[in-house]
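> From first to last, the protein sequence lines are chains D and P.
Per the numbering used here, the first sequence starts with residue 1, numbered consecutively.
Per the numbering used here, the second sequence starts with residue 1, numbered consecutively.
Since the hints were derived computationally from the structure, they do not count as laboratory data.
Just so you know, not all the hints are guaranteed correct.
Straight-line Cα separation of at most 20 Å, EDC-like style, residue types lysine to aspartate or glutamate; simulated pairs [as the list claims (entries may be wrong)]:
1. P:45 / D:231
2. D:220 / P:93
3. D:229 / P:96
4. P:29 / P:265
5. D:234 / P:221
6. P:38 / D:108
7. P:247 / P:40
8. P:170 / P:69
9. P:279 / P:221
10. P:228 / D:81
11. D:71 / D:52
12. P:197 / P:93
13. P:38 / D:168
14. P:252 / D:108
15. D:121 / D:168
16. D:71 / P:221
17. P:29 / D:108
18. P:170 / P:40
19. P:170 / P:87
Computed footprint of chain D on chain P; a stretch qualifies when at least three of its residues, placed anywhere within it, have a C-beta under 8 Å from a C-beta of chain D [unchecked claim]:
20. 73-86
21. 260-270
Note that the Cβ used here is the ideal one computed from N, Cα and C, for glycine as well.
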Amino acid sequence: MSPEVWRGTISFSLVAIPVRLVEAISPDRVSFRMLHREDHAPLVSRMLCPDEGKIVPREEIIRGYEFKPGKYIPISAAELETVAPERSRTIEVTAFVSSSEVDTVYFDHQYYMVPMKGGEKPYRLLVEVLRRSAKAGVASLVLAEREFPVIVRSVDGLLAVNTLHYPDDIVTTSSITKTGDNTSAKTGTVPRRVGRSRSEGLSPVFAGAAGMNAEKERMKRVIGKMVAKFDPEKYADQRRERVVALLKKKMKGNSLVQAPEVEEADRKVPADLVAVLEASMRKGKKDE
Amino acid sequence: MTEHAIWGGNISFGQVAVLVKLHPAIREKRIQFSLLHKRDLVKLKRQMVCSLDGAPVPPEDQARGFELEGGRYILVDPAELEKADPEASRAIEVHEFVPVADIDPVFLERSYFLEPGEGDTSAERREGKSGTVSGSRAGPREGTVPVFRALAAALEEMHLAGICTWTMRKRSYLGALVSAGKSIRLNTLRYASEVLKAEPLASAGEALSTRELAIGSELIDHMTGSFKPEQFENRHQQRLQELIDRKTRGQKVPLTRPRRRAATEPSRLLSVLEASLKKVA
Numbered sequence: 001m002s003p004e005v006w007r008g009t010i011s012f013s014l015v016a017i018p019v020r021l022v023e024a025i026s027p028d029r030v031s032f033r034m035l036h037r038e039d040h041a042p043l044v045s046r047m048l049c050p051d052e053g054k055i056v057p058r059e060e061i062i063r064g065y066e067f068k069p070g071k072y073i074p075i076s077a078a079e080l081e082t083v084a085p086e087r088s089r090t091i092e093v094t095a096f097v098s099s100s101e102v103d104t105v106y107f108d109h110q111y112y113m114v115p116m117k118g119g120e121k122p123y124r125l126l127v128e129v130l131r132r133s134a135k136a137g138v139a140s141l142v143l144a145e146r147e148f149p150v151i152v153r154s155v156d157g158l159l160a161v162n163t164l165h166y167p168d169d170i171v172t173t174s175s176i177t178k179t180g181d182n183t184s185a186k187t188g189t190v191p192r193r194v195g196r197s198r199s200e201g202l203s204p205v206f207a208g209a210a211g212m213n214a215e216k217e218r219m220k221r222v223i224g225k226m227v228a229k230f231d232p233e234k235y236a237d238q239r240r241e242r243v244v245a246l247l248k249k250k251m252k253g254n255s256l257v258q259a260p261e262v263e264e265a266d267r268k269v270p271a272d273l274v275a276v277l278e279a280s281m282r283k284g285k286k287d288e
Numbered sequence: 001m002t003e004h005a006i007w008g009g010n011i012s013f014g015q016v017a018v019l020v021k022l023h024p025a026i027r028e029k030r031i032q033f034s035l036l037h038k039r040d041l042v043k044l045k046r047q048m049v050c051s052l053d054g055a056p057v058p059p060e061d062q063a064r065g066f067e068l069e070g071g072r073y074i075l076v077d078p079a080e081l082e083k084a085d086p087e088a089s090r091a092i093e094v095h096e097f098v099p100v101a102d103i104d105p106v107f108l109e110r111s112y113f114l115e116p117g118e119g120d121t122s123a124e125r126r127e128g129k130s131g132t133v134s135g136s137r138a139g140p141r142e143g144t145v146p147v148f149r150a151l152a153a154a155l156e157e158m159h160l161a162g163i164c165t166w167t168m169r170k171r172s173y174l175g176a177l178v179s180a181g182k183s184i185r186l187n188t189l190r191y192a193s194e195v196l197k198a199e200p201l202a203s204a205g206e207a208l209s210t211r212e213l214a215i216g217s218e219l220i221d222h223m224t225g226s227f228k229p230e231q232f233e234n235r236h237q238q239r240l241q242e243l244i245d246r247k248t249r250g251q252k253v254p255l256t257r258p259r260r261r262a263a264t265e266p267s268r269l270l271s272v273l274e275a276s277l278k279k280v281a
């Protein structure tokens, strides 16, 4: 089960549905654990007070803001919540848009929204209506000290929440495109609109419309021969495959170490990968 | 201000080759917090400690292990891992072109804006180095600009995205080339294995009546507009700054208790939808 990242209410008009958000993304890199070279005991990350040279227990850790170099002011979670008291508990859908209208540059992260007890029916209504209309709800989500614009979509019987970037955080193409036209170095428009009202920035040699058109048509012919359906399953992370191959090899070589038993609360083992490796080890033994 | 390119490569497919430079498309400005020791407000540092005896372990005494069950680990050397790094390359290889609408947003990870590259892509330019992109060096190689523009225009007119792979900073990437006005954007895509499936989380439940669905659809129709990203302003950051300013002036912050909205009763769903519709219609 994915870890829960938020718990609250999603609302549209007078309808309010208790929900929680869980991760939709799980980085698939092979992750390693740092061990103590001496005894192979796993290492854990702790916070150290450099002044005292001591590890600080969790209850003595607070959050703060550096308002002058080396000077910090503490800020509590309750104080942070006063910045957006309502929105930190409610995702209020204020409008609906056609899903396909949102430019790809805006997308950041995705979560799934799951109904809590009693919210199942209105939740299913929203899933169904959004699916039929191919629409998405526009809202905002507050996570810790950040607020994100989000869209809420219907995906395979669930609501998915996509956090979006603010238009202010998007670098405009005009600020990077070398055009020989100095006026284009200004910022201020979102990418969708860039270019329409501005000079094309073609250097005089290539500005000929006819030449440009011929080039474009040639390009379209080349592209037209390579059209396919998007199938993300086709592509695998090359590095990950190599690391897995390395691990399989090392496993056959029996270069395993045993860590001493330590009690730990937050342990995570990527189960599927372990299964793959265990299977490969069994196979290796049979082959011998 | 002109931004610096972070990497340069060569887009290739069929007989086409276009030198390009990458610029991050997103620059987030956000207020950062630190972890402090409550007692003396000293900024804390992260430290790896041994889970057995709690003693800090310096980097030279740390080893990397892949965990199996039962506390067994495969020890792996950094040198061994380095061998798994993909070979350095400047090629951005386009494998196929797919309808932009086919790419579910869950795959979208990071965006880069491209600009036509210069003749020499061998030197990787990094931020902070002198000699910016718009400096006095030679402009794009003759021929690069029209091909770049033609690719941008073709992608735009065909509503297609070029699915490509490349290696950048020792990582292999999957990406989509899409048109962005007169320019081209490169979106890195998440690998399919990184995307968790929705189906296992979905649950059936009480059936919805035709009437509930009809009123629900009508309500959403009435609340439908066009997507206006300009309306998203990061007011949260401004308010957060105000909170910090108040605190640094030594003023108290009155705590407010967040209101929680009462959940809509399943049995009252239809009447709540009808009341909502009356409100917006």
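> Now, for every hint given, state plainly whether the structure supports it.
Results of checking the hints against the structure:
no., hint, result
1, P:45 / D:231, "violated (44 Å)"
2, D:220 / P:93, "holds (17 Å)"
3, D:229 / P:96, "holds (9 Å)"
4, P:29 / P:265, "violated (41 Å)"
5, D:234 / P:221, "violated (38 Å)"
6, P:38 / D:108, "violated (34 Å)"
7, P:247 / P:40, "holds (17 Å)"
8, P:170 / P:69, "violated (30 Å)"
9, P:279 / P:221, "holds (13 Å)"
10, P:228 / D:81, "violated (27 Å)"
11, D:71 / D:52, "holds (18 Å)"
12, P:197 / P:93, "violated (28 Å)"
13, P:38 / D:168, "violated (35 Å)"
14, P:252 / D:108, "violated (35 Å)"
15, D:121 / D:168, "violated (38 Å)"
16, D:71 / P:221, "violated (52 Å)"
17, P:29 / D:108, "holds (15 Å)"
18, P:170 / P:40, "violated (41 Å)"
19, P:170 / P:87, "holds (7 Å)"
20, 73-86, "holds (count 10)"
21, 260-270, "holds (count 8)"
When the structure is compared with the earlier hints, violations turn up for hints 1, 4, 5, 6, 8, 10, 12, 13, 14, 15, 16 and 18 and for no others.
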